[in-house]
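2 protein chains.
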Amino acid sequence: MNPKDNKARPDRARHKAALLKAYDDAARIAFSPFIFQAAVAAKKLGMMARLGAAAEPVRYEVLAEEAGVSPYGARLLMQILSAAGVVEGSDEAGYLLTKTGECLTYDAMTAANFDFTADVNYKGLAETTEAIRTGKPAGLKAFDPAWETIYPHLKDLPAEAQKSWFAFDHFYSDGAFREALRVLAARAPARFFDIGGNTGRFTKMALEAWPETEATIVDLPEQIGLMRANPDLEGLQHRIRAFPIDWLSEGASLDGAGEADLIWMSQFLDCFSRAEAVGILNEAKKALAENGVIVVMEPLCDRQRNDTAALSLAASSLYFTVLANGNSRFFFEADLLEIFEAAGLEVIESHPNLGVCHTLFVLRPKV
Amino acid sequence: MNPKDNKARPDRARHKAALLKAYDDAARIAFSPFIFQAAVAAKKLGMMARLGAAAEPVRYEVLAEEAGVSPYGARLLMQILSAAGVVEGSDEAGYLLTKTGECLTYDAMTAANFDFTADVNYKGLAETTEAIRTGKPAGLKAFDPAWETIYPHLKDLPAEAQKSWFAFDHFYSDGAFREALRVLAARAPARFFDIGGNTGRFTKMALEAWPETEATIVDLPEQIGLMRANPDLEGLQHRIRAFPIDWLSEGASLDGAGEADLIWMSQFLDCFSRAEAVGILNEAKKALAENGVIVVMEPLCDRQRNDTAALSLAASSLYFTVLANGNSRFFFEADLLEIFEAAGLEVIESHPNLGVCHTLFVLRPKV
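From first to last, the protein sequence lines are chains A and B. Reading the first sequence from the start, the letters are residues 1 to 367 in the numbering used here. Reading the second sequence from the start, the letters are residues 1 to 367 in the numbering used here.
Certain hints may be false.
One copy or any two copies: either way a pair holds, since identical chains are not told apart in the list.
Said to hold, decoys possible - In silico DSS-like links for lysine-lysine, alpha-carbon gap of 30 Å or less:
1. Lys43 / Lys16
2. Lys21 / Lys163
3. Lys43 / Lys136
4. Lys163 / Lys99
5. Lys136 / Lys155
Hints in this document: simulated from the structure, not taken from any laboratory.
Next up, chain A with everything else stripped away, as it sits in the complex:
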């Protein structure tokens, strides 16, 4: 053995360890749909909650009996989830949740993400290659081959998918809305537009925070219908006007909607291509009262608190590609600033880290 061999050895050991780790990571990706669906089944069959609530490890036969399934099925699920680090234990000693399993079961954000993936996205994601090839949300055919975008069909989603869609949406927006209203406290407008206001969730919070304010919700006719039927808005409907619009139709404009002191757009521009977003902001500018502001709130891919949040945002961007409209995504900060610039708007305030992952911009027309 010569000195060169000696010197090479620690490198080789590191190389080997890195290679085995990569090999394991790759296997976890290659089999990830098995792991994911084993976790979905264990959750839907009540096993995750049962394991989480147990003081002692639970045997698979007990899980099977309580869920009304075969011991074979319960055992298989536990073994996959054990190999994947979601549960720990053995057939003999019984199983418990690991910390990872606890996050999936008890962390509200992780649970909202998990259900959104399982109930809204899983089947459609099989069409990812086609969606990227065609620029169309090819995954929507998992729900209905006639749908062109998801937005007018939220009301038509199967019950479980609809529930998970709104739970996901609301989880992220509720906290961000609360904090945004604190940031905007000194700007209480006489009248504001809620563009992409959907079923009126932000409008409700805003009208409660600003008792003198009137709102106009600007959205697709289908969304306006859901908003008018929304029991949460009882007692507020007289302060809400509706302005139905399809921004993707030729010549869409806010003519006839009146003026607003504040135009609010939360997670709205990310539903459009760059050119469409610039066009929408230009239309919004025309409807601003003197000294009015446009307020845009978005989760920004490069302004997240940590790598986990960045992964979550990158992954869920694919929802837009495959199921929503085929060509939008969450923004990087520079992309959004460029859109503001192209629309002739200047940023007068920005507030990162509202709620879980949002950044809020206050904009006014450039002079």
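Keeping the supplied structure of chain A fixed, place chain B upon it in accordance with the hints.
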């Protein structure tokens, strides 16, 4: 601050690190179908191969142009795969494969697993909960709602799924068959049965290794048809008899198949429930010539080389639940030994670690 606080601090730091790790692991599971399908799309669009072959990092615009897709789509895929550790780099500097990405692209086993998951299992796995509830392979409806098990329909699978099914099957069996024939070198039989012989892949290797031997392939009529049409068996067909059988039909037996010195069953018993497996072995015993042996080769969940292999086996067991027959799986060693015992067979040899993951048992009837 009292001493108790001081003492608690390192524990708290460890707890925090473990919690953040669990939170990240849970997010990777919750979004895993997005990551998986982003990798599938990057592979099918040729981006993985392109990145793997590149000497320098490749920008997403270049990947997009070469694949004939939008820069938007290529960028989104790279960002998801980057957050997931499959590629590394940035929009500005360009992207390269990580070691994990190299495993997915160049390691033949990982690639076979990945394609099997994507093309055969992904859609059907959405029915995991129903399959576990009903004991039926509910995921088969992703191919055809009329199919009751996958076995007679391998010939009817869509081209891509069929290719990935056989690539997966052959990857594992080829190496194990070669090593099994080495182990059995001294036992060259005058006549052997290949039970569950499928398209004749083992029979071909065995007839080449044993030039004096005759084979009988025992399988479903559909499989026999594929075997007789298999161009690989040209020049060997005169040494092959066929015995069509459906083991799940009432009174299935080997009567009329003659006697065998060696009865071979590779990854066959795992397609059946415990009681069915015992019944099949009992039938096989009756067809043994004097001093004949039954040879069973199976991947055993608890006899794998490492955790990665154990995860792979646990995960792919779910294929049996959701897509194959609804109630079988890869064995644990004790389960299989119990089945041998119940069928009145004794193990005279066992050989672990043949090929990637198989264990071979040589059995004879107990006296």
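Hints and how they fare:
1. Lys43 / Lys16: between (37 Å within a copy, 26 Å between copies)
2. Lys21 / Lys163: between (38 Å within a copy, 29 Å between copies)
3. Lys43 / Lys136: between (32 Å within a copy, 19 Å between copies)
4. Lys163 / Lys99: within (26 Å within a copy, 39 Å between copies)
5. Lys136 / Lys155: within (21 Å within a copy, 32 Å between copies)
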